[in-house]
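Asks: Protein chains in written order, with the working numbering: chain A, 1 to 285; chain B, 1 to 302.
No lab work stands behind these hints: they were computed from the structure. It cannot be assumed that every hint is accurate.
[Said to hold, decoys possible] In the DSSO-like style, the derived pairs of lysine-lysine whose C-alpha atoms are separated by at most 30 Å in a straight line are:
no., chain 1, residue 1, chain 2, residue 2
1, B, Lys76, B, Lys139
2, B, Lys139, A, Lys39
3, A, Lys272, B, Lys221
[To be verified] According to the in silico footprint, chain A covers these stretches of chain B (three or more CB under 8 Å from chain A):
no., segment
4, 122 to 135
5, 164 to 172
6, 261 to 269
7, 283 to 292
Here a beta-carbon is modelled for each residue, glycine too, at the ideal position from N, C-alpha and C.
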Amino acid sequence: MKLRLHRFALIGVHVLLAGFALLMLLPFVWMLTASLKTKLDFFESLFFPGGNGLFGVAWDRLTLENYRRLGSELAVPRAMLNSVFLASVTSLGATLTAAMGGYALAKFSFPGREWLTSLVVSALIIPAPLLLAPGYQVLFQLNLLDSYAGLFLPALAPPFGVFLFRQAMLHSVPAELIEAARIDGAGEIRIFFALVLPLVRPMIGAFLLITFLGVWNNFIQPQVVLQSPERLPLSVAINSLRGIYGADYGLIMAGTLVSIAPVMCLFLLLQKEFISGLTQGAVKG
Amino acid sequence: MKHRHPVLPRASIRAFPAWTPWLFLTPFLVVFTLFTLWPLTRSLTLSFQQTFGPGASRYVGLGNFQFLLQDPLFWKATRNTLIFTVASVALQVPLALGLALLLNRPGLRGRAFLRLVFFSPSLVGLVFVGMLFALVFEKRTGLLNTLLHTVIPAFDPDFGWLHSSILTSLVLAALWLYVGLNMVYFLAALQNVPADLIEAASIDGATAWQRFRHIVLPEIKPVAGLVVLLSIVGSFQLFELPWVLLDNSSGPDNGGLTLVMYLYQTGFLTGDLGYASAIGWVITLVLVTLALLHRRIMRRSE
Chain A
1 MKLRLHRFAL IGVHVLLAGF ALLMLLPFVW MLTASLKTKL DFFESLFFPG GNGLFGVAWD
61 RLTLENYRRL GSELAVPRAM LNSVFLASVT SLGATLTAAM GGYALAKFSF PGREWLTSLV
121 VSALIIPAPL LLAPGYQVLF QLNLLDSYAG LFLPALAPPF GVFLFRQAML HSVPAELIEA
181 ARIDGAGEIR IFFALVLPLV RPMIGAFLLI TFLGVWNNFI QPQVVLQSPE RLPLSVAINS
241 LRGIYGADYG LIMAGTLVSI APVMCLFLLL QKEFISGLTQ GAVKG
Chain B
1 MKHRHPVLPR ASIRAFPAWT PWLFLTPFLV VFTLFTLWPL TRSLTLSFQQ TFGPGASRYV
61 GLGNFQFLLQ DPLFWKATRN TLIFTVASVA LQVPLALGLA LLLNRPGLRG RAFLRLVFFS
121 PSLVGLVFVG MLFALVFEKR TGLLNTLLHT VIPAFDPDFG WLHSSILTSL VLAALWLYVG
181 LNMVYFLAAL QNVPADLIEA ASIDGATAWQ RFRHIVLPEI KPVAGLVVLL SIVGSFQLFE
241 LPWVLLDNSS GPDNGGLTLV MYLYQTGFLT GDLGYASAIG WVITLVLVTL ALLHRRIMRR
301 SE
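Turn these sequences into a full structure, and let the hints steer you where they fit.
Replies: Structure representation (C-alpha cells):
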C-alpha cells in the first residue's frame, strides 16, 4: 500500500516537473518560431503557421529572411564581433589578474596580507551602481570614454575573482609542492604558470565563463561609456533595433536569439565547471 | 599558536624573494586603486556636489540628500523597488526551494536535463530578457495573453501588462529568469543533507514534514539565507530589465522607475553625477545594512 502510494507520488513529481519545464521553455520556443516567420504569419499563428505539411504545419511558409536581413542590412555582425572580442579579452585578462592576486593572498605570508584580504572581502559588498557616476568621471579624466580600454581596464580587478581563486588555492595547491619546485630551482613565475594554474583548472574554467557571461550580457556599462555606433556590443546594438524596427517582431526575435545563442553554446560546453564554481563559495563557505 | 614554532615556518617563508607576492598582486592593486578605490572616494565628494556633465561642478553640501528626501520621483523609485523586491523574494525563494526538493527526490529520471532547462534562462542577459518579454507581454499578439486567453476564454487578450501592471510583469520576467539559478543553490545544499539520517528518521516513523523541518531545513538554512540576501541585493539593483521592457523609459506614470534607473537618468540623461552619487549612497547604505543584519542573524543561528 505504502509502496504504491510512493509510486503514484513519484509519477506526480515527474508530471509536475515536466509541466514546469515546458513553461520555462515556451518563451524560447516562441522566440525561435517567431524569428522564422514573416510579419503576417507572426500575427496569425502563435507558434508555427498552420497548413497541410507534417504535423499540420505549413513548413514552406517558414523563412530565414529575418536572419538574412540581420546579417546584411544591419550592424549586427559587427556588434557580434565587438561582443566576442570584448568578452574574450576581458575574461582572459580578469581571470589572469584574479588568479595572480588569489595566489599571492593564499600561498605567501607577508606583512599586509590579512589587511589586503579583508580589503578584497569588503570590496565584494560595494554595489556596482555606486561606482557608476564617479567611475564615469574617472574615465573622463583619464580620457578613456568611448574606448574599449574604458570597458576593459576597470574589469581587470574583480575582488570576487581574487576571493574565489584564493579559496581554490587554499584548498587545492599544497605548499610542499611549491617548496619542492623552489628547491629544484624553478622561478616564481614558472611555478605559478606551470604548477599552480593547472591545479586550479576547474576554477579557471568557471571564472572565465562567469566573466564572459557578465561582459556579454552587460548593458549599462557600454551604454554609458561608448558612443560610436561601430564600437557598440550586441546588448546595446540589439536594444536599439527596437527603436528603428519596432513592429518587425520576427526581426527583433531573430536578433535576440542570435545574441543569446553563443553564450548558451559556451555554457553547454563548460556547464560542469560553471555550476560547481557558482555554488562552491555558497555551500562550502 | 602562530608563534609557538617560529623557526620552521620562517625557514620556508624565506625561500621566496620578498617581492614575489607583490609581483602577483600588482596588476590587481593598480587597477583596483584606479577604478574602484578612486571612484569610491570620488563618489563621496561627488555626492556633495551638483554637476553639469563630467567636467563642471559646484559644491552644494548636504543639498543633494536634502533634495532626495522631498523628491517625489525618488520616493516613487524607492516604492517600486521595494514592492518588486518583496514580491520577487516572496515568490522566488519558496518556488526555487520546492523545485529543488522535487528535483532531489530519489528515483527521479532526467534530473540533469531538467536542471539544465530550469537553469538556462539565467544565462540570458537582462537586456535580452527585456527584448523577449516585451513581446511576450504584448497585447493581443503576445505569448502570455494568447495562452491565457486560450486557457481562460474570459481573459481579455487586450490586457496591457506593460501599461496596467508593470511591477507584476517585472516580477514574472524576473521569476522566469532567476528561479533556476536559486534552485541550483538549494540543490547543491540539499546534496549535503545526509541521506542515511533521513532514512533512519522515516524508519522511526517521522512524517515528510517532520523530516523536512528537523533534518533538511537546519542543513539548508545558511544557503537559504544567502539566496534571500543575494535576491534582495540583485532586486535593489534592478535597472536593465524594466528599462528595456518599457522601451528605454520608466514606463507610463513612472510605474517602472527603479532606484538604479533613477540614478542612471539623473546621472547620464540629466548630467548630474552628484545627485546620481547621492542616490548611489542611499542604495549602498541599505545594502550594507542588510548584509550586516544577515551576518548577525546567521551568526546567532549557528
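Asks: What hints, given by number in increasing order, does this structure fail?
Replies: Number 5 only.
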